[in-house]
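So the protein sequences, as listed, match chains A and B. Counted the way the numbering used here counts, the first sequence spans residues 1 to 246. Counted the way the numbering used here counts, the second sequence spans residues 1 to 344.
Hints were generated in silico from the structure; no laboratory data involved. One should not assume that every hint holds.
Mimicking BS3-like on lysine-lysine, the simulated pairs with C-alpha atoms at most 27 Å apart in a straight line are [as the list claims (entries may be wrong)]:
no., chain 1, residue 1, chain 2, residue 2
1, B, 126, B, 274
2, B, 69, A, 69
3, B, 23, A, 69
4, B, 190, B, 224
5, B, 190, A, 69
6, B, 224, A, 69
7, A, 69, B, 126
8, B, 67, B, 23
9, B, 67, A, 69
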Amino acid sequence: MEEPTLSPILEAEVVFSTPQGFRGREVLVLESIIACGAEALLIRGKFMGLPAIVKWRPQKPYRHPLFDKRLRYERTLAEAKTLHRAKKLGVLVPSVFYVDPDSSIIIMEYIDGKIFKEYINELSIDDACTVSREVGKYAALLHSDGIAHGDLTTSNVVVKGEDVYLIDFGLSVTSADLEDVGIDVHIYLRSLESAHYALCKELFECFMQGYRAVAGSDYAEKVLRKVKEIRLRGRYVKERRRVVEE
Amino acid sequence: MVKVLGIESTAHTFGVGVVDIEKDNFILADARAQYSPAVGGIHPREAARFMAENAPKVLRSALEEAKLKIRELDAIAVALGPGLGPCLRVGATVARTLAAYYEKPLVPVNHAVAHVEIGIKLTGAKDPVVVYLSGGNTLVAAFVEGRYRVFGETLDIALGNLLDVFAREVGLGPPYVVKGVHVVDACAEKGEEVLDLPYVVRGQDVAFSGLLTAALRLFKKGKKLEDICLTLREMAYNAVVEVAARCLVHTGKREVMLVGGVTASPYLREKFEKMCKLYDAELRVVPPRYAVDNGVMIAWTGALAYSKGIVVPVEDAVIRQRWRIDEVDIPWRNQLYRRFLRQK
């Protein structure tokens with residue numbers, strides 16, 4: 001892979017002083033690239049002395065330049081906004097420190113925890129259930145405010161001690177309708193099915209317990225019906241025929 | 001010597017192929033007849049009628065090309081799904097008749113698996129992320145634990161369907177493909193501006209029906225058609241490329257293989273080439289003749305399955321219109337895959 005060219009803001013000497021007394025280069029110290037995802041590069045570092053993650057969306061050569069710029073700007077801004085809104089709702093998410101949509105950069109708090117997906121097999125079923133229930137509560141909180149996470153998988157849940165964090169709001173929607181809400185739940189269920197098949201039924205039930213506790217049974221049922229509909233919509237799904245015949 | 005005859009009839013093509021699994025030039029025969037409606041899309045009943053009328057001719061021409069008698073074959077393979085019911089029934093009926101009358105083993109083949117297997121055979125791919133784009137399918141899959149697992153797919157209509165319906169509604173087609181280029185692709189070349197149309201990637205899935213509706217709305221509003229084509233193509237192709245990129249990163253695989261009719265688009269390939277370069281992966285594109293529906297891929301996959309003893313009694317060989325690729329065990333690849341991992 002080609003060496004990524006960092007945005008000027010990260011390379012430039014940042015010269016301003018802060019009440020904490022940080023100056024110049026000390027404002028942002030980059031340490032190491034911790035992940036290179038399909039969409040963004042995650043760089044660990046320190047922002048004014050705090051452990052931070054720099055999320056940078058590089059240009060994608062396969063996209064039309066005009067569309068590429070627009071998409072990266074929109075996604076960066078949307079992600080930062082949603083993180084902030086989620087935090088206000090009481091969902092544990094990384095705090096946003098700095099946003100620059102023009103260079104498609106977000107600097108946010110580093111959560112020093114374990115990724116649920118990688119850690120799930122080390123947990124007892126009860127502990128895994130507790131985490132899943134918490135995710136369900138978070139999902140319901142977000143949905144109640146019209147936010148859909150957009151990529152609600154076990155890879156995007158971080159467990160730090162007793163706390164459960166949701167990360168990566170890069171594909172979130174802030175004007176979510178029932179369809180987006182249903183897709184969120186569908187994606188979570190599928191992530192359980194694909195990576196944790198043996199536990200998927202129990203863990204999804206735990207998720208729904210948390211969901212019901214926040215959103216109420218009626219709404220939860222509505223969402224589950226939507227999820228069923230979404231699953232039947234996939235092309236060549238066998239169950240679809242059965243439903244038509246019933 | 002394993003010689004297998006394969007029958008394909010899932011959508012618009014009635015194809016009969018004959019392969020010899022042990023020969024370098026493994027394709028002994030490749031005969032096909034394609035139903036192409038003068039107006040509109042595929043009418044399943046009309047397509048099935050066309051197939052029933054052409055089946056004997058195509059079968060005879062395949063056998064003549066292979067210089068074989070049916071008695072000399074080792075097995076009959078047939079695509080039992082996924083696809084259009086009336087069309088599938090024609091192929092299934094022919095295959096069951098041959099198998100019963102000549103007392104040959106009957107091998108059930110999944111159409112999507114066949115696309116992947118012939119692609120791997122012809123491109124020399126080892127363990128690719130598969131991107132299958134056609135008029136009826138849009139999916140990104142990869143071989144994990146004995147099956148081709150679907151990583152992402154369309155939540156509503158297929159990519160080819162999106163392009164064809166749009167072309168039809170705005171009067172660009174049919175025909176949808178002129179000189180190997182889709183009419184929407186050709187129209188987009190003259191576009192200058194990227195308009196505001198929805199870009200939908202949900203997790204690992206894509207959705208195109210909202211894009212289609214919004215694009216048609218812009219057309220009715222009188223926006224420049226070329227700009228709409230450009231935007232539509234950007235949104236649709238990028239969504240698929242993005243999902244494939246996610247799959248590459250997620251699975252850690254090093255190859256991307258394009259199969260299906262839509263992958264003939266030069267512009268789509270260019271996007272995939274750029275993406276693969278970025279992620280240090282190799283791009284493999286199935287030759288157009290075998291990227292579209294054909295009988296050879298059914299025969300080849302049937303031969304692989306038959307070598308693992310997969311057969312179906314004639315009375316149980318029923319069609320499965322919604323047979324998903326991830327429902328099919330791939331025992332022949334387990335071994336290949338293990339060998340590949342050892343080499344790695």
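Violated constraints from the hint list, given by number and in increasing order: 2, 3, 7, 9
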